[in-house]
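Visitor: Now for the letters of each chain:
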Amino acid sequence: MQYLRFLGAAFVVLSSAWVGFSSARRLRRAGRELDELRAALEQMESELRCASPTYAAVCKRLSETATGAVSQFFSALADDASDPDFEPVGATRRAVERSGLILQPAAFLALEQLFDGFGRFDLTGQLRQLGLAREALSHQAGRLREQTEAKCRSYEILGLCAGAAVLILVV
Amino acid sequence: MEMEQRYAALTEYLPPEVRPALLDLFERRGGEVEELRFRVGCPVGVVLGGREIGLRGTEGPIQADGAMLADLLRRAAQHSRYAVQHQLRRGFVTLPGGHRLGVCGTAVFSGGSLENLTDLQSMALRIARDCPGAAEAATNLLWSHPASALIAGRPGSGKTTVLRDLIRQVSDRFGQRVAVVDERGELAACLDGKPQLRVGRLTDVLSFCGKGEGIELLLRSMRPDWIALDEISAEDDLRTILQASYCGVRFLATVHVLGPEDLRRRPLYRRLMEAGVFENLICIEADRSLRCERVEYAVS
Chain X
278 MQYLRFLGAA FVVLSSAWVG FSSARRLRRA GRELDELRAA LEQMESELRC ASPTYAAVCK
338 RLSETATGAV SQFFSALADD ASDPDFEPVG ATRRAVERSG LILQPAAFLA LEQLFDGFGR
398 FDLTGQLRQL GLAREALSHQ AGRLREQTEA KCRSYEILGL CAGAAVLILV V
Chain Y
6 MEMEQRYAAL TEYLPPEVRP ALLDLFERRG GEVEELRFRV GCPVGVVLGG REIGLRGTEG
66 PIQADGAMLA DLLRRAAQHS RYAVQHQLRR GFVTLPGGHR LGVCGTAVFS GGSLENLTDL
126 QSMALRIARD CPGAAEAATN LLWSHPASAL IAGRPGSGKT TVLRDLIRQV SDRFGQRVAV
186 VDERGELAAC LDGKPQLRVG RLTDVLSFCG KGEGIELLLR SMRPDWIALD EISAEDDLRT
246 ILQASYCGVR FLATVHVLGP EDLRRRPLYR RLMEAGVFEN LICIEADRSL RCERVEYAVS
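For the record, the sequence lines run as chains X and Y.
Here the first sequence stands for residues 278 to 448, numbered as in the numbering used here.
Here the second sequence stands for residues 6 to 305, numbered as in the numbering used here.
Since no wrong hints were added, every one of them can be taken at face value.
Selected chain Y positions facing chain X (Cβ under 7 angstroms, derived; list incomplete): (1) GLU17; (2) TYR18; (3) ARG80; (4) GLN83; (5) HIS84; (6) SER85; (7) ARG86; (8) TYR87; (9) ALA88; (10) GLN90.
Label-pair restraints from in silico Cβ distances: (11) GLU423/X / MET227/Y: 47 to 57 angstroms; (12) GLN10/Y / GLU412/X: 41 to 51 angstroms; (13) ALA72/Y / HIS416/X: 30 to 40 angstroms; (14) LEU263/Y / THR401/X: 35 to 45 angstroms; (15) VAL366/X / LEU263/Y: 41 to 51 angstroms; (16) ARG430/X / PHE114/Y: 55 to 65 angstroms; (17) ALA112/Y / GLU423/X: 44 to 54 angstroms; (18) LEU404/X / GLY117/Y: 15 to 25 angstroms.
These are calculated hints, taken from the structure and not from any lab test.
Bear in mind that the values here come from a model prediction, so they are computed numbers and not experimental data.
No residue lacks a Cβ here, since even glycine has one placed at the ideal position from N, Cα and C.
Please take these sequences and the hints and turn them into a complete structure.
Guide: Right, here's the structure in full:
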């Protein structure tokens, strides 16, 4: 009986701590993905300046160089854009959903503005759009970086404390 | 790529409302379809054997409107206007497969040069065709007298088709290196570096480059036996051809003429003929047969 109680208590603390730690991990992953997205947009700018590949081609190239969810995001965009009946509006949302990319609302908005209108402008206009999106992502990344460590620690401690609190209440 | 596949690939780039009717037309009269014409407020036109007729869907003629033209351009540009802006400045976009979409609308100027076309009014889609053997008679002339050849014909007479076949034959049958300045991407229609139209195994293609720059680049980098280019139309082209001809390279080229007399009447063509570069003349007749002749130059 004592053994079961101990096991139950451990489960309560661990599950609660797991929620806190996974929230913290998600937040750290969001920061990493945002940095990788910024790097990808920088590469996209270089690709456009160098050879002006089409929407589908540049996204395919980025999907090959990026990793994880960012790679899947560009791969989803490339798949969509290679279809001649491709409808750009909504493409970002579909790609984010398919890739599992974690984005803050402001970062999502910046990407949506970039990719849902991609290819409508000449090269100068397109590069300007890219610059704006990169700026917005940099701003977001900066804010996230400032908050990440403190927030992550809070989530982890909250998870542990919540577990401990539940344990005390139950016992 | 087989013709049926090429037509099917082409229709993917066309607005959905014209696809069924066009696929049906390609199935019935595929080889005859030369052009598609889209004009705002008018039925979509199809040019068959030089005559334009309206394209009919199941519910009568298919009307073109501004949205259809904008959609067509978006599809032709593969949703990447920036990627075709240099072509658009010259009034056309080349689709995968070598089909050329001519664009007409309101010109937007910036700094004195044409920057863009807006308020699209009409579009003409010329369908590229691969006709192996189209230049058979001309090949025989070149075989007996392997010197530079000029292909002359009316607009839409099939000069590009003949030139493409000539390039293929010189490359495959003569076993000589041909470098192509494919200024509008129509001759070889390269996609990911691979020609979509048959231009021969010893052919090097430089796509979307001006003739003058292209000739110089190819001479420096590819050491060709022949250089092929479509539509000589400017003084600069003539000057570069002349300079390059001193390097021992031979040319395959086309010119727009309404009749053989244009070659003597128009100053640019007269100078071209007087320069003595082209020793073979291939005229495309009204019935699209080839009249091949040697050009005799007086030795001074």
